[in-house]
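Novice: Since chain H is already given, all that's left is putting chain S on it; use the hints.
2 protein chains.
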Amino acid sequence: MLKKVLLGGLGAALVLTLGILLGHFGIQSGSTTPGWVQEVTRDVDEELIQKFISEVDNMEIQENLRELTKVPHMATTAGDEQTVQYLLKRWQDPETGLDQAWREEYLVYLSFPDPKTPNKVTVESPTGVVLYTAREKEKVYGLDPEDPEVVQPYAAYAPAGHPKSDHLVCKLCQTSSPPRLGRLVYANQGTPSDYAHLNQTVNLTGTIAITRYGGAGRAQKAINAAPYGVVGVLVYTDPLDINDGKMSDTNETYPNSWYMPPSGVERGSFNTHFGDMLTPYLAAKENTYRIPQANITGIPPIPTQPIGFEDAYALICQLGGESAPPEWQGAFNCSYRYGGPGFRPDSTFKDSEVKLDIYNRGEIKNSSNVMGVIKGSIEPDRYVIYGNHRDSWVHGAIDPSSGTSVMLEVTRVLGRMVKQGKWRPRRSIIFGSWGAEEFGLIGSTEYTEEYYSKLSERSVAYINVDIAVFANATLRASGSPSAQSVILKASKQVKTPGSDSISVYDNWIRYFNRTSPTYGVIPNVGFLTGAGSDYAGFIHFLGVTSMDISYTYDRSKTSARIYPAYHTAYDTFDYSSRFIDPGFTSHQTVARTAGNVLMRLADSLLLPFNCSDYAETLEGYLQKALELYREGLAAHKISIEPLQTAVSRFRSAAAKLEEVIRDLDLANETPLKVRRINDQLMLLDRAFLDPFAFPDKYGFRHVIWASSKAGQPTFPGLADAYSRAASSELGRDWEEAHRQLSLLSQAILGAAHTLGDVI
Amino acid sequence: MLKKVLLGGLGAALVLTLGILLGHFGIQSGSTTPGWVQEVTRDVDEELIQKFISEVDNMEIQENLRELTKVPHMATTAGDEQTVQYLLKRWQDPETGLDQAWREEYLVYLSFPDPKTPNKVTVESPTGVVLYTAREKEKVYGLDPEDPEVVQPYAAYAPAGHPKSDHLVCKLCQTSSPPRLGRLVYANQGTPSDYAHLNQTVNLTGTIAITRYGGAGRAQKAINAAPYGVVGVLVYTDPLDINDGKMSDTNETYPNSWYMPPSGVERGSFNTHFGDMLTPYLAAKENTYRIPQANITGIPPIPTQPIGFEDAYALICQLGGESAPPEWQGAFNCSYRYGGPGFRPDSTFKDSEVKLDIYNRGEIKNSSNVMGVIKGSIEPDRYVIYGNHRDSWVHGAIDPSSGTSVMLEVTRVLGRMVKQGKWRPRRSIIFGSWGAEEFGLIGSTEYTEEYYSKLSERSVAYINVDIAVFANATLRASGSPSAQSVILKASKQVKTPGSDSISVYDNWIRYFNRTSPTYGVIPNVGFLTGAGSDYAGFIHFLGVTSMDISYTYDRSKTSARIYPAYHTAYDTFDYSSRFIDPGFTSHQTVARTAGNVLMRLADSLLLPFNCSDYAETLEGYLQKALELYREGLAAHKISIEPLQTAVSRFRSAAAKLEEVIRDLDLANETPLKVRRINDQLMLLDRAFLDPFAFPDKYGFRHVIWASSKAGQPTFPGLADAYSRAASSELGRDWEEAHRQLSLLSQAILGAAHTLGDVI
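Here the protein sequences come in this chain order: H and S. Going by the UniProt record's numbering, 467 is the number at position 467 of the first sequence; the sequence numbering is gapless. Going by the UniProt record's numbering, 193 is the number at position 193 of the second sequence; the sequence numbering is gapless.
Chain H with its partners taken away, still in its complex shape (with noise of 0.2 Å):
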């Protein structure tokens, strides 16, 4: 009975258990957990990030390389089209290639010389002889073959011109002597205070001016000069700023090592807007309003050429005149004067003058951006963006071929896992190889003009991967102070290149670093304070939180402004591949690097931006703006002390929104919570624009990284207003001081608001 009982006993006991696991398991009832609540948790995959890093190769990124430097590709070129061809292959490739990939097409002000009549300079004698001609094109040295199409160096957007005196247009004008014009004048590097100081000592009124690069920007070196009635610039690269002063092709430049050549050009855009100039705030298409070219403002108003040092050799050794002081002399063997005006009276070119022919033109060009998406799979609607420019002015094997063939590993690696099923990103990736970059951003530009409200309201960050290798000693970044920890976070997981054990991360500290209140020493990420790159229109105009990712220099090994072949003809497959970044470990490491940061904001359940580092940024510039600002505010009646306020609020805030994120079980919160935080984050760099604050500077609406004159390392809008106030010491200008001020506290009040709580 008892054997009876226990196995009915256990037998009901068997059945029991099966009931109980049937009930469990084998019911669908409305009660049952829907299958997306899993889904929606997902957090980034640790291992599918290492998985990536493992497969980013760097011999994959050399044939990219190989590919797109076959021909140059300036903008709208035969070679440009070659180059969106390639691109859009490799994105709409079946195994390896996006979910979708496709052209966006602009119609785009551009400026090229004639190539039937080159641009000429030219050192004429009084009775008409010709006595010196600049090249017109760089030497070539076998290595790359002599292409017809390598664009004659030019200054884009300068007039043409044969400056005649009949033009003098000038405010500045000494006209107690009448001008002769063409005389050649040394101006350093064009800046307000060289034209000035050169003027004390020279009537410039029908010179022109030889200005070497650096200090002023392109543009700036002509809108500087024509007040004092210059009538012509020449710009060339002193080997002083490039070369470490070496000069000599037979040992010392190119092909012999990464130096520029005696006839090397750096060409570029002479503009210091970004976007289409044609049409502002409007995406250029077929019938978009075009305002007048004669309304275009920031291009020079008088013709201007850049030369190679070996031209400017020939012409700044002749000049006349006192010795310029200590800091306007470069590396020639000889003393920099300012000229007469003119040439010494013991040189050959005596009493001859400079001739510039400049034949340059405006065209409106097609221009394309090649796009492509993965689709994300639980938040379709954030985009993580990525991008670089296409466009090279020639060859371009480092800017922006770097980049490009970086991006184009990324798109592989994270295509085939799409492709083969086994990762899906959490939020939308778009790609971007944005066109005309060169001629001033224009094709991010149009991008963030045409998509404006939806790119304002979805897109998470913005990654920038330009010129991805400048050089193979660091890593490099400059960023929103909100993606710092991402930034960080990536680069210890990525090994230097040609080491196992030593990551990014340690390798980068050690060549930039700060100390950090809250940190206290890290590698330092710069800030986005300028329009150097494609992520202008992304932070400056959208407030979207962004990035530029690079490899850089040991500064300790040399001076050079920037790679010596930038925006040369020399900037070629072979230059890189022997002197940038032979093996190409360091592209490697900017894509895993770069790659692995796109995936953790495409992944990740919470977004990995962290808003106290942003509070640590506003603190030092406050501090800043105390030092230099406060008492001479308060001379005029203006209190700081709105600014302190909403600085110490946005400090609170942040550490408040930390705090809840801190005190969140992820796994278990309600996806709308997780979001509502998520948004917090992804709009916090939204919440820093004001269109009004800079009426003058097109697309700079974020009051914390908008560009500045002043240079000071605070906040630009308050840092410019001041400065002028102080300088003119005008009413007006202490009113505008005023009202920066003032837009400045509300919009870091208004970002606290949005950080705190949500109702």
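The hints are simulated quantities; they were obtained by calculation from the structure and are not laboratory data. Incorrect hints may appear among the rest.
With a straight-line cut-off of 27 Å between C-alpha atoms, the simulated DSSO-like cross-links for lysine-lysine are [said to hold, decoys possible]:
1) H:K673 - S:K419
2) S:K375 - S:K419
3) H:K139 - H:K120
4) H:K673 - S:K422
5) H:K419 - S:K673
6) H:K656 - S:K285
7) S:K285 - H:K673
8) H:K656 - S:K375
9) H:K285 - S:K637
10) H:K285 - H:K355
11) S:K656 - H:K285
Nothing here was measured: the structure is a model prediction, and the numbers come from that model.
Specialist: Only chain S this time, still in chain H's reference frame:
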């Protein structure tokens, strides 16, 4: 055995069932549905809406109004402070209050007459004898006691002054005859064409112009006059325009009817922009930058004073000169003449002048908004905002206290449901009792400036109920087209006053209707094209989908411009309860309708906005634009095609989104998908903002709803620019028309992008 087996089987089945039940309901495990899953899919509860409707009480509204109108409560006066305290008391009530209530203060620029030196309007004979003095205050009829706090009628922001010829600054003066000052002329409504017409007959230099309300904005009457050398402006309300011609207070006007008594004067703010005038785009705080008062634009450049029609009669009927045209004639029993300038030779005022002695002064005063919130349970970071101003000119029983009484009844019913734990909205509700609206929507505008970022990111909608009841005939509503559907839905659920069967909708459609291409005949929801009340900052500056709701006239019964006691001392509890809404059932109906809309916006799982209704509106506007402008633009080589494309893309994108919505299985969708669609709907109006579209119009950024002079039911910026260009035929004006067309097309296309596939 069979029995045993059966029994055993039964037992086993029972045990199995027990097990199944235990397994299904008894085990908490990792895969159990989290508690928030049900919560996040909660939708609007129709029973709660019915409960709300039934609890809204007309007698409560009556008592609210009695309390609010005890004393005059002009902005920043002691009476205003009393209403602040009352609102705070009500919203902090432990039984019927909100979660939280507080005040927010701004230091704003207001304008007041000098109580010690009242403004004077007199007729002075050539020998300096005062022949006539206009009333300083309105006549008291004893039903409302005389209150020293009743402000003298004045034109806020009109400058102080005693017009003298040495102050003459005019562009269009006829200087042939020496100016004599103070000669009266009648200038109809003071529009530009009125003055142009008058100027053909009369030399306006040095004259005082008397004008009637209507046709042009208050400030405009003086702004339009000044260029002709007019030195002062009087303004009055003609009985034709407000009283259906009635004039006698012995039996025709208040206190015998709702008509304005002869001494009644419409006060008002004489400015054309909204918001605090010294702090454009900045919240007016203690240390905020303020523009110099001399830089204020949009206010009368010359002294201006409003008077009653009793005084206007005495002046106008004695005027000399030619008879004015029929459309200039009002209800007075005399012929309205232009003025000689000045009075008739046979009048007692012969050769006399009109003297204005205006002592208005600007003051920076502390104005409060009272804010209250009910925190949302599921999406607290989404705000539905409901507001009305609190300040009046005098007792303000209708303007604004009808709206405030309604708001207080809405908050009483909702607050009690919250306090009793019966309800908590899905989204947060913010109530705003704005200060200083009468001076130019100041409180609400400062609020939108201070919290710009937070409100831009999170506001679902703004509901404005200012004057809740103009009259008791029918509902009237204006709003963004996407809000049409929720207003119509709510209006179907509420019964019209005094009926158990006729809905507000059924009644409304009889008074205001239109034929929609989509729906056929429906009530006509108007557009928010101007800045008539506190919605301006929300729709025009923030781009938040807004609505304005009230009860209003049977236009077949009166042609009054507005209710006749508007902005007079007669806008009292007595007036409202006897002539506007006896029994307060229209107030109740507005509370029920607006509250219903509010609850739907706050509780609906999917926002009740319809983007296809927006498409219908845009198509209507496009049709009109094609009709009016296509040819003229084409003649200037401007193609309207981008606008056509944009509207058509908007229509497709809207249709697509509606399809996605139709296909939703709401109860089972992931909350992030619903949120995504809600964000698309919520942010739709935001996509129409362009801060640079209307550089001369403070706060107007919404390219569809900005104010317009052209008076055409089409896109305002294009309409105004086209009309200017067509009349001037200047190249730059056609350029501006083209720019308007481009920015409009881009905004509509940008909005379409936000409605389409999220990626």
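Novice: Hints first: check each against the structure and report whether it holds.
Specialist: Do the hints match the structure? See the list:
no.: 1; hint: H:K673 - S:K419; in the structure: holds, 24 Å
no.: 2; hint: S:K375 - S:K419; in the structure: holds, 12 Å
no.: 3; hint: H:K139 - H:K120; in the structure: holds, 16 Å
no.: 4; hint: H:K673 - S:K422; in the structure: holds, 23 Å
no.: 5; hint: H:K419 - S:K673; in the structure: holds, 24 Å
no.: 6; hint: H:K656 - S:K285; in the structure: holds, 25 Å
no.: 7; hint: S:K285 - H:K673; in the structure: violated, 33 Å
no.: 8; hint: H:K656 - S:K375; in the structure: holds, 18 Å
no.: 9; hint: H:K285 - S:K637; in the structure: holds, 15 Å
no.: 10; hint: H:K285 - H:K355; in the structure: violated, 39 Å
no.: 11; hint: S:K656 - H:K285; in the structure: holds, 25 Å
Checked against the numbered hints above, the structure breaks hints 7, 10 and satisfies the rest.
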